[in-house]
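Chemist: So you can see what is in the structure, the chains are spelled out below.
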Amino acid sequence: MKPEGGSGLNTRKSNRLGSIRTRLALLYSILLFGLAAIVVGGIYLSLSRALSDEPVSRDARYSDMIVEAEPTHAEGRLAAFEQEVNRRALDQLRTYSVTAVAALFLGSLAVGWYVAGLVLRPIGRISSVAREISATDLSRRIELGGPDDELRDMADTFDDMLGRLDVAFESQRRFVQEASHELRNPLAVLRANLDVVMADPDADTDDFRAAGEVAGRAAARMSALVDDLLLYAHHERTDSRREPIDASTVVVETVEDFGATASADGVVLQHEVADELLVVGDPVALRRALANLLSNAIRVSDPGGRVRVTAGQDSEMVWMSVLDDGPGLSPEDQERVFQRFWRGDRASAREAGRSGLGLAIVRQIAEAHGGQVTLRSTVGVGSTFTVWLPRFVDS
Amino acid sequence: MRILLVDDEADLVDAIARGLRRNGYAVDTALDGDEALAKATWTPYDLICLDITMPGIDGFEVCRSLRQNPPEGVAPRILMLTARDTVEERIRGLDVGADDYLVKPFAFDELAARVRSLLRRDPGRTGAVLEVGTLRLDTATHGVTRADRNMDLTAKEFALLRYFMSRPGEVVSQEDLLDHVWDEHADPFTNTVRVTVGTLRRKLSVEGETSLIETIVGSGYRLTDGGAGS
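Listed in order, the protein sequences are those of chains L and H. When you line the first sequence up against my numbering, it's residues 4 to 398, in that order. When you line the second sequence up against my numbering, it's residues 19 to 248, in that order.
For reference, chain L alone in the conformation it holds in the complex (with noise of 0.2 Å):
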C-alpha cells in the first residue's frame, strides 16, 4: 500500500520492470529455478553421499580382483585410486549441474516472457480500447473473442457496462436536447418582444407595459418548466428515500390539498380508500405523483364534472386510481401521453405554465417504486389513471 504504487497511469509504458509480465516471468523462472536446483542439488548430494562410502574398497569380491593384480598395498591405493575417480565425477556433475540449471534460468526467463505476454496480449487491448473511449463516443466494444476464458468473460463484462452507459449517456443526451429546446421557445419569446420594444423609438408607456407582461409569461413558463426538470432530474436518481408507508394516508391527505382548486373549478371531487395500503416508498414521491394526476383530471373536467380517487389492493399489488369524466384520449394519444414534452394541446398548456413533465414525472415515480402507471380511457366518456406499487408485506 505505498502511496506511489497509485501514480502506475503516469508510468504505465515507462516502467517494464514492474509489469504484471516481466513480475509473471521471473516468478515463473525463479520457481522453476528453485524446483531444478532442488532436485539437482539433491541428486548431487546423494550421489556424493553414496560415493563417500567407498563401496569398492569394501567389497571383497572387487578387492580380491584387485588384490590378485596388485598384491602389496593393494587396499590404500585402491581407496586413494577410488577416492580421486569419485572427486572427479562429482566434480564434472557438478560443473553439468550448475551449467544447466543456469541455462535452465535464462530459458525459462525468456519461456516465462512469451508466456506471459500471450496471456496478457488482451489486457493491453482491453486497456487500449478503454483509452480510446470518451464520455462523448461510447459505441467502441472490445470485441475480445477467443476461447471462452476468464479475460474473455471480463471483456464480455465490459463490452455489457459500455452497452447500459451508452443507452444512460444516449438517454441523457436526449432529454438535455428536449429540455433545451423546450426552453428555447419562451426564450425567444422573451427576446423578440424586448429586441422589438427596444428598438421602436416610437414605443410608449403601453407598448412597454404589453412586452412586459409577455416577459412575464415566458419567465413564468421557464421556471415552471425548470422544476419540472429539476423534479424529473431528481427522481431519476435512484437513491431517494425508501421506508414502509401507508399509501392510504398519502391519497387522502392529497385529495384534501386538492379540495380548494377542484371546488374553484367547479368539480366535484370524490374518494374511497381501504385502509392499510403498506408500500416502500418516498411519500413525498407518491404524493407528487398523484397530486400530478390529480391535477390533470381537474383541469380535463368541465365544471360539474366529477372526480373519483380510489385505492386499494390485491395480494401482490396496491393501486392507486383517479377517474375524470373529462374528454377522454384517443388511441394515438394513449400512446404518446407519458412521453416528456407532450401536451394534448400546446397553446393553451402554455398559457397555464404546464411543462408537459407531468405525467412523466408519474410514470418515473411509479417506474422508481418497482411499479407502473396504467391508462384506461374513452373519447367521451374520460380517462382513468393508475398507479400500481409493489404491496409491503412485513415478514
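Hints were generated in silico from the structure; no laboratory data involved. Each hint should be verified, as a subset may be incorrect.
Taking beta-carbon pairs under 7 Å as the criterion, some of the chain H residues facing chain L (in silico) [stated by the list, open to error]:
#1 E27
#2 D29
#3 L30
#4 A33
#5 I34
#6 R36
#7 G37
#8 A101
#9 P123
#10 F126
Here are the simulated distance ranges between beta carbons [said to hold, decoys possible]:
#11 L/Y117 x H/L112: 56 to 62 Å
#12 H/D205 x L/H237: 52 to 58 Å
#13 H/Q86 x L/H237: 44 to 50 Å
#14 H/E106 x L/Q175: 15 to 21 Å
#15 L/Q342 x H/D205: 42 to 48 Å
#16 L/A223 x H/R212: 46 to 52 Å
#17 L/T377 x H/I75: 28 to 34 Å
#18 L/Q342 x H/Q192: 50 to 56 Å
#19 H/T59 x L/D205: 31 to 37 Å
#20 L/G315 x H/R85: 54 to 60 Å
#21 L/H237 x H/A146: 49 to 55 Å
#22 H/R212 x L/D205: 24 to 30 Å
#23 L/S183 x H/E128: 18 to 24 Å
In this text, a Cβ means the ideal position worked out from N, Cα and C, and glycines have one as well.
Starting from the known structure of chain L, arrange chain H on it as the hints suggest.
Modeler: Below, chain H without anything else, positioned relative to chain L:
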C-alpha cells in the same frame, strides 16, 4: 414585400410581426401549419418565416408541400425559425426546401438582416441599396434620399417605394401592390393604395419636375427615373 409569419407561439408572432411591420414589410400571421398552407395558397408571399414544431402539420411538411405544389407566380423564400438546433435538423430543413435557417432564440436584428438578404436575392440585385435615377433607398438603414436630400417616409410609404424601386420602369397594378405591400388586414375595396401612392408621389416631388410615379390609366403605376438619366 409581403411576409407570412408562422409559429404556434402567439407572443412570439406578435412581437416579430410588429418589428417587421416597422421595417416596412406587410406581415400576415398563422398559428399552425394548416392555416399557413391555406394562406400561402391564396397569397403570393415573398417570404415565409416558418416554425418547425407546431400542432397539426409541422414546418417540414408545410415547406415540402409548398415546394411540391408551388403557388402561382414567384415561389416564396422560406426561412425556418426553430428551437431545434441539431445539424441533422438543419440539413433536413434545408433539404425540404428552406432557403435559410435561424435557431431560436435569435436577435431580432439578425432576423431582419436575414429577411433583407433573402428578399434581395432577386435576379440583378445584390446589395442592400436600391437606386433609380437620383433616388436612393437603403433597405438596411431605411434611409431614402433624392438627389442627396433626405426623405421622411412612413413605414408603409417606404415599403411602397421599395417595391416600386425593385421594379423600375415596370407597370405595377393595384392588385400587385395589395398583394405585396399590404397585409391581410387591408380592405381591397378602399382607396388606401391610391391614397398612399398619392402621398408618396407628393413627398418625392420636386418643384418644376415631372412626377416620378406615373399613373397608367386602367393598369396601374410605374416608377420612372424622372428623366434624370443614369
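Chemist: All the hints need checking, so say for each whether the structure fits it.
Modeler: Hint check:
Proximity of H/E27 to chain L holds as hinted, the smallest CB-CB distance being about 6 Å (cut-off 7 Å). Interface restraint check for H/D29: the shortest CB-CB distance to chain L comes to about 5 Å, inside 7 Å, so the restraint holds. With a cut of 7 Å, the hint placing H/L30 at the interface with chain L holds, because the nearest CB-to-CB distance is about 5 Å. At its closest, the beta carbon of H/A33 sits 4 Å from a beta carbon of chain L; the interface hint therefore holds under the 7 Å criterion.
Hint on H/I34 holds. Least Cβ distance to chain L is approximately 5 Å, under the 7 Å limit. For the restraint placing H/R36 at the interface with chain L, the shortest Cβ-Cβ distance is roughly 6 Å, inside the 7 Å limit, so the hint holds. The interface hint given for H/G37 holds, since its Cβ lies 4 Å from the closest Cβ of chain L, which is under the 7 Å cut-off. For H/A101, the shortest C-beta to C-beta distance to chain L is roughly 4 Å, which falls under 7 Å, so the interface hint holds.
At about 4 Å, the closest approach between the beta carbon of H/P123 and any beta carbon in chain L falls short of 7 Å, and the interface hint on this residue holds. Annotation: H/F126 was flagged as interfacial toward chain L, and the flag holds, the nearest CB pair being 4 Å apart, inside 7 Å. Between L/Y117 and H/L112 the beta carbon distance is about 59 Å. The supplied range of 56 to 62 Å therefore holds. Between H/D205 and L/H237 the beta carbons are some 56 Å apart, a value that agrees with the proposed interval 52 to 58 Å.
Remark: the range hint 44 to 50 Å for H/Q86 to L/H237 is upheld by a beta-carbon distance near 47 Å. The beta-carbon spacing between H/E106 and L/Q175, approximately 18 Å, falls within the hinted interval of 15 to 21 Å. A hinted range of 42 to 48 Å for the beta carbons of L/Q342 and H/D205 is consistent with their spacing of about 45 Å. Checked against the hint of 46 to 52 Å, the C-beta distance between L/A223 and H/R212 comes to roughly 47 Å, which is consistent with it.
As the Cβ distance of L/T377 to H/I75 is approximately 32 Å, the hint placing it in 28 to 34 Å holds. The beta-carbon spacing between L/Q342 and H/Q192, approximately 51 Å, falls within the hinted interval of 50 to 56 Å. With their beta carbons about 35 Å apart, H/T59 and L/D205 fall inside the hinted range of 31 to 37 Å. Between L/G315 and H/R85 the beta carbons are some 57 Å apart, a value that agrees with the proposed interval 54 to 60 Å.
Between L/H237 and H/A146 the beta carbon distance is about 52 Å. The supplied range of 49 to 55 Å therefore holds. For the hinted restraint 24 to 30 Å between H/R212 and L/D205, the CB-CB distance of approximately 26 Å keeps it satisfied. About 19 Å separates the C-beta atoms of L/S183 and H/E128, a value consistent with the hinted range of 18 to 24 Å.
Checked against the numbered hints given earlier, this structure breaks none of them.
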